[in-house]
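We have chain A already, so just place chains B, C and D on it with the hints.
Protein chains: 4
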Amino acid sequence: MLASVPPMGWNSWDCYGASVNEETVRRNAEYMAKYLKPFGWEYVVVDIEWYQPTAATHEYIPFAALNMDEYGRLIPAENRFPSAAGGKGFGPLAEFVHSLGLKFGIHIMRGLPRMAAHQHLPIYGSRYTCSDAANPADVCAWNPDMYGLRADTPAAKAYYDRLFQLYAEWGVDFVKCDDIAREYPRCAREIELISEASRNCGREIVLSLSPGPAPLERAEHLKKYANMWRITDDFWDEWPLLLGMFERAEKWCIHSGPGHWPDADMLPVGALRQCYPDHPRGNWTQFTEAEQRTMMTLWCMMRSPLMIGGELTKNDPFTLSLLTNKELLEIEKNTAASRPLCRDEKSCVWCAYRQDGNRYVAAFNLSEESQTIRVSPESLEATPRTAKELWTGRQSMDSALEANLGPHDVALWAVEI
Amino acid sequence: MLASVPPMGWNSWDCYGASVNEETVRRNAEYMAKYLKPFGWEYVVVDIEWYQPTAATHEYIPFAALNMDEYGRLIPAENRFPSAAGGKGFGPLAEFVHSLGLKFGIHIMRGLPRMAAHQHLPIYGSRYTCSDAANPADVCAWNPDMYGLRADTPAAKAYYDRLFQLYAEWGVDFVKCDDIAREYPRCAREIELISEASRNCGREIVLSLSPGPAPLERAEHLKKYANMWRITDDFWDEWPLLLGMFERAEKWCIHSGPGHWPDADMLPVGALRQCYPDHPRGNWTQFTEAEQRTMMTLWCMMRSPLMIGGELTKNDPFTLSLLTNKELLEIEKNTAASRPLCRDEKSCVWCAYRQDGNRYVAAFNLSEESQTIRVSPESLEATPRTAKELWTGRQSMDSALEANLGPHDVALWAVEI
Amino acid sequence: MLASVPPMGWNSWDCYGASVNEETVRRNAEYMAKYLKPFGWEYVVVDIEWYQPTAATHEYIPFAALNMDEYGRLIPAENRFPSAAGGKGFGPLAEFVHSLGLKFGIHIMRGLPRMAAHQHLPIYGSRYTCSDAANPADVCAWNPDMYGLRADTPAAKAYYDRLFQLYAEWGVDFVKCDDIAREYPRCAREIELISEASRNCGREIVLSLSPGPAPLERAEHLKKYANMWRITDDFWDEWPLLLGMFERAEKWCIHSGPGHWPDADMLPVGALRQCYPDHPRGNWTQFTEAEQRTMMTLWCMMRSPLMIGGELTKNDPFTLSLLTNKELLEIEKNTAASRPLCRDEKSCVWCAYRQDGNRYVAAFNLSEESQTIRVSPESLEATPRTAKELWTGRQSMDSALEANLGPHDVALWAVEI
Amino acid sequence: MLASVPPMGWNSWDCYGASVNEETVRRNAEYMAKYLKPFGWEYVVVDIEWYQPTAATHEYIPFAALNMDEYGRLIPAENRFPSAAGGKGFGPLAEFVHSLGLKFGIHIMRGLPRMAAHQHLPIYGSRYTCSDAANPADVCAWNPDMYGLRADTPAAKAYYDRLFQLYAEWGVDFVKCDDIAREYPRCAREIELISEASRNCGREIVLSLSPGPAPLERAEHLKKYANMWRITDDFWDEWPLLLGMFERAEKWCIHSGPGHWPDADMLPVGALRQCYPDHPRGNWTQFTEAEQRTMMTLWCMMRSPLMIGGELTKNDPFTLSLLTNKELLEIEKNTAASRPLCRDEKSCVWCAYRQDGNRYVAAFNLSEESQTIRVSPESLEATPRTAKELWTGRQSMDSALEANLGPHDVALWAVEI
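Chains as they are written, first to last, in this note's numbering: chain A, 1 to 417; chain B, 1 to 417; chain C, 1 to 417; chain D, 1 to 417.
Only chain A is shown next, with the shape it has when bound in the complex (with noise of 0.2 Å):
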């Protein structure tokens, strides 16, 4: 089963915005197989705009000009990617990716880019062109590159299906999917078209929907359609945002499970912004070291996928600590059924089950002050034999499961029964 369970990996989007290069691609996979593999990373994922040849920044510039094949499907530009040249796409890259033991993914915006319309291109192996399928009124609030298309149009699905094919050709294994999670209803239609083309491409291809909220409403549309879908708009390393995914978790929790996650979106770790000089909010993570304990203690526990966002080569050994914890990523991998038991908006209790009957139960201080916090055998419906604290590796002595936490700090216990 595809996705089976949530996937982790490295994107590149927190660092390089739309101007993600190949060395960087390379360079932090060759980081992941070396210090993260060990421990279930595997996705290596170009985000935005690697077909636009003059992108600096996380902005878009309207009417640039994009790079794409005479059927209007986007390709690398070779400035930025240059083993894609003379056609090869993306081929060589995603190469070099599995040679390493990874996987390899692209980002793609819905539609088809508005010149390929404007020009009439051909759908290749199709007698559609590529303006049989856009549709002039739909496009996207934030990025100016394509046009919707019209999903009731057989051209709209030669397009996608054509489109899919040569990504598997190229040997992608992940597309993130933007402008399209949170688009619904006028999107759902679009959703299927693009799901039945990565089904049917020929190779297995993880389908991640963006960009949030996806709406709560719609939850088994997605979980028919996408293995993840994002839950919020973009995560960024600010202690509100943090904070809100408290709420979106708890509503979502229920719909986690093998071939469709929930994604509260990439991890704001490490070297952030790296496209930036002079970032008023520099590069480097703001997130305190107890802000990430939580932060990675929650995704873990309502077994969001993780993607990491920063520049994987200049990890600090607190970072790498935390992307490594082994334990912490065994709740993501092996439990079922996690849920808050209480949440007020000073803390928050979460517990998740494991196959064996044992738990493991997450104690959340969302104040800014100190304060001890205690989980009674009640709340859990049973009586903790051991416990054992994750972040510390503390025993608890008497199977209380109570700390003193610091502000927006997590205790986590694996708990046995």
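Don't read these hints as lab results, they were simulated from the structure.
Only true hints are included.
No copy labels: a pair is met if it fits in one copy or bridges any two.
Taking lysine-lysine and the DSS-like style, the derived pairs with C-alpha atoms no more than 25 Å apart in a straight line are:
no.	residue 1	residue 2
1	Lys251	Lys224
2	Lys224	Lys333
3	Lys251	Lys346
4	Lys388	Lys346
5	Lys346	Lys224
6	Lys157	Lys224
Bear in mind that the values here come from a model prediction, so they are computed numbers and not experimental data.
Chains B, C and D in isolation, oriented as in the chain A frame:
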């Protein structure tokens, strides 16, 4: 811990409306003690308007004279509850119920009797009058008896404290407070007052809030101040209402836990509407046997409180078997973290977890046609070693969870991993 | 035709709230007869709670005992209206007002007294009781006295018919019915019942509906069933309220006409809040003279009914002059089709039409600074031959409509074409 | 003053959609000069997509190549407008129309051609390009040609200024700007830019905004920046649309005045839909004669601009008579302050005022049955001395305004007071 598992019992509403009397309560209590107590049923609850001498059906008579003491507290109508004569209130009836090894509950409306305010009756043990506590602008939309209280006044606190003191003296174990659970935000403070009065009255009293739907976004407030609360408007023996419960159960399931239980309302089984000779819907449940299995399974999987609505002494063998399925009631008492795995228009699958790591899996046919439903091992993230279907007692041959189900029917497996 | 021009008079609310008494009414009636009658002022209206013996200010005392006859009809509190002794009701007071050549009006609340329902009082001349007519779920949000009626019952019709019959016998010429004008859609039928009762009672009674804002989309229903209705919530001597009236006047102006008048509420001029010794807003209008001119001009241009709010006997010369500007009141009585020509944050221009084709033009300075406002002949679609400013009496030299206006002041020209 | 009375003319949309050509315009202009000019008709307006060489019906072809100059300004398709050859634009056609004593108008879409942005064309006389002015996220929902502009940029101002300069050079007297009137609040600033460009271009150009419904709460903004604006979506020959206009006319009527006219849209009379051989609604108006009288009467009473939608040269005698009723058109030109006196589901009465104090009164039968409608002297606040019905020419015998009207028909009286 009060209500450490979901309360189970009988309530007079579905069969007697506002007209229940002492003989009926005694008769049903005796039946419960004899046939149901061994399975965990214990609460006997007298529903609305036990203080109204002329109530005869489910309807309320505007401006009827209510029976109350000199402090504006409602007391039983003696023509309906003879043992209350001489100012004994529900004391003797509670004592009788207790003598059977059961618990005694009553219904109240939020607020105080309108005439107690117009007559300026004193509040017992205070310097206030009922007119100090009552809010003349706060009346219930569907019942003419009471004024809501001005929750920010000491008079209101005094009234509720003295009211619960009286009930504690009578021996009441359970209070179903009505006209309140869906009245957020305006009644939030009144809920707190009532909760405090119930906790400080010197007797353990389960607090149940009606009617629904209580607002999901106030789940934490409800968990803190009540033991159970309605998640729908009144539930009756109609398939659309049962079908609708699947969505509500999905939204509320993560909030079920020791001491706080989302309540899917009474079970309209067996002999209903006994106070009507010629009710258009008849005097027996309109649910098919399949629908009753579906209802019982969903209620137990979501761990809703279970309150039988039918006249117990008229139970037929099927109804009695429904209420005494020991393995089913095990789910109600000894699982955790139950939730739907998937749901669409035609079917739904739920899974619940036992302390020992084993599971219960329910497959519901929501459609009007027979269909085969199969639950894949992947969706369980585990491979069943054995599986026994609990409504038929059939052992699955090859651990496959698959059933051919008639319309609105259910299969429920106890699964060993 | 009843109310063929907008009714003009005095109302006790702004100066005496719920506490007005007989002596006050007589004193103000005498003043009106002497000083105001020649200018068209004629109604003397006793506002709310004349049946409540202990009312002392603008506030209502919950659960106070109301004075009513054996049929549940409110009658004057004799301690406040001595002439009502012996069951004479307002008969003697009405007679006195009529003797002065004036007309007599009273305020009522929609519905019947709560105690009349609880006591099951009979409805005069019918086989119904007040509890048959009253709706126990329908109470006013801001006054504790009454229950609304179940308008679809013959009991409700009987109650209102007999109520107006009593008032007609007393000699009432004007009824201001409260808790009704903004209660669409639920009170639409009750408005019709009251309207029919007033038209069938054998006496011409102007029907005024309060409080506002009445809904604009029900304008035609209001025009059909009432003679005047409030277009705002209570209006007081505060500039923001006066400023806000310009938008409301604009929306309602086309609905002014013989028999049906949108009502901008009482004129808070002169001596106000007389029932409070130490009211924080004092006992005299807070409006500047300019603001009072603006108010009077707008009310007359939009042809709102004019009801003086101040204690008449304390009028100073300015106040009296304001109320006796004969040319201004000519607009109230003898124009048609008035409307704004333009309106922005700083200024507004209105125009009204006379039978002879001549016009009135008002230029309002809505800003906090002095400014010169000029009204172009083009916007009038006519070239003025002469123009006279009515607040100053000044004749325009060259027919130009131009004025230098202080903050919140107005120029008002009678224009000959 | 520009548009001191409501503009009257002909527009190509109702008969030719996006496909109008030069011959048609000349033919209709000649007809207008000969038959209609004496009655006040003067504008000849070329509607949408005169720059699209392949347009053939009311539909727009996505991604069609548009005819534009080197500065991204649309110019007439020469295959449709031969006189535009050699870069002369609409100059020769405007000259022809002027030679007939008429005025010339064109339609534009808000924004600039998409290809002008993608090709980065320069904006004439500025240092900007069309890609600096265009907003790639702002596309029209129903037409594929343009990008809206980023109104806060100097590039946008430069584009609109140079666009209107070109039109002024051609001799354009009237611009109908589309995709803008109902796009508040996001296009408010763009309306201002276009208004300024039109006022500063050196020629008097009436500015008309489409499509409706424009928002009533922005009436003052519209009055300030435009000469006319649509109050509904497209109006066609269907009774429900005509019926619906009564409510809109009521809401907007007070905002009619010299220079600013709420626009009820074109008059679909005579020969319509000429660009379709087999249109399901046919090639002649579906309105009955009664409905056409009702429409003309309402439009004139509310003083809407009048734009004939039919092919003029195919007018039959009735249609011509409808457009040349001199007394009716007198209302359009020489009244003020018109408004409804009453309106319900079955009938409506309007009244308009003449300079000399006399009036026009229209009684509309909105029902499907014949009925007699009588207008009382009280509702007019005047006693008619004489009254002449303008559609029949009949003099009222006794000054009573009363008419027996067939379904959807109207009586219209000129009344002397």
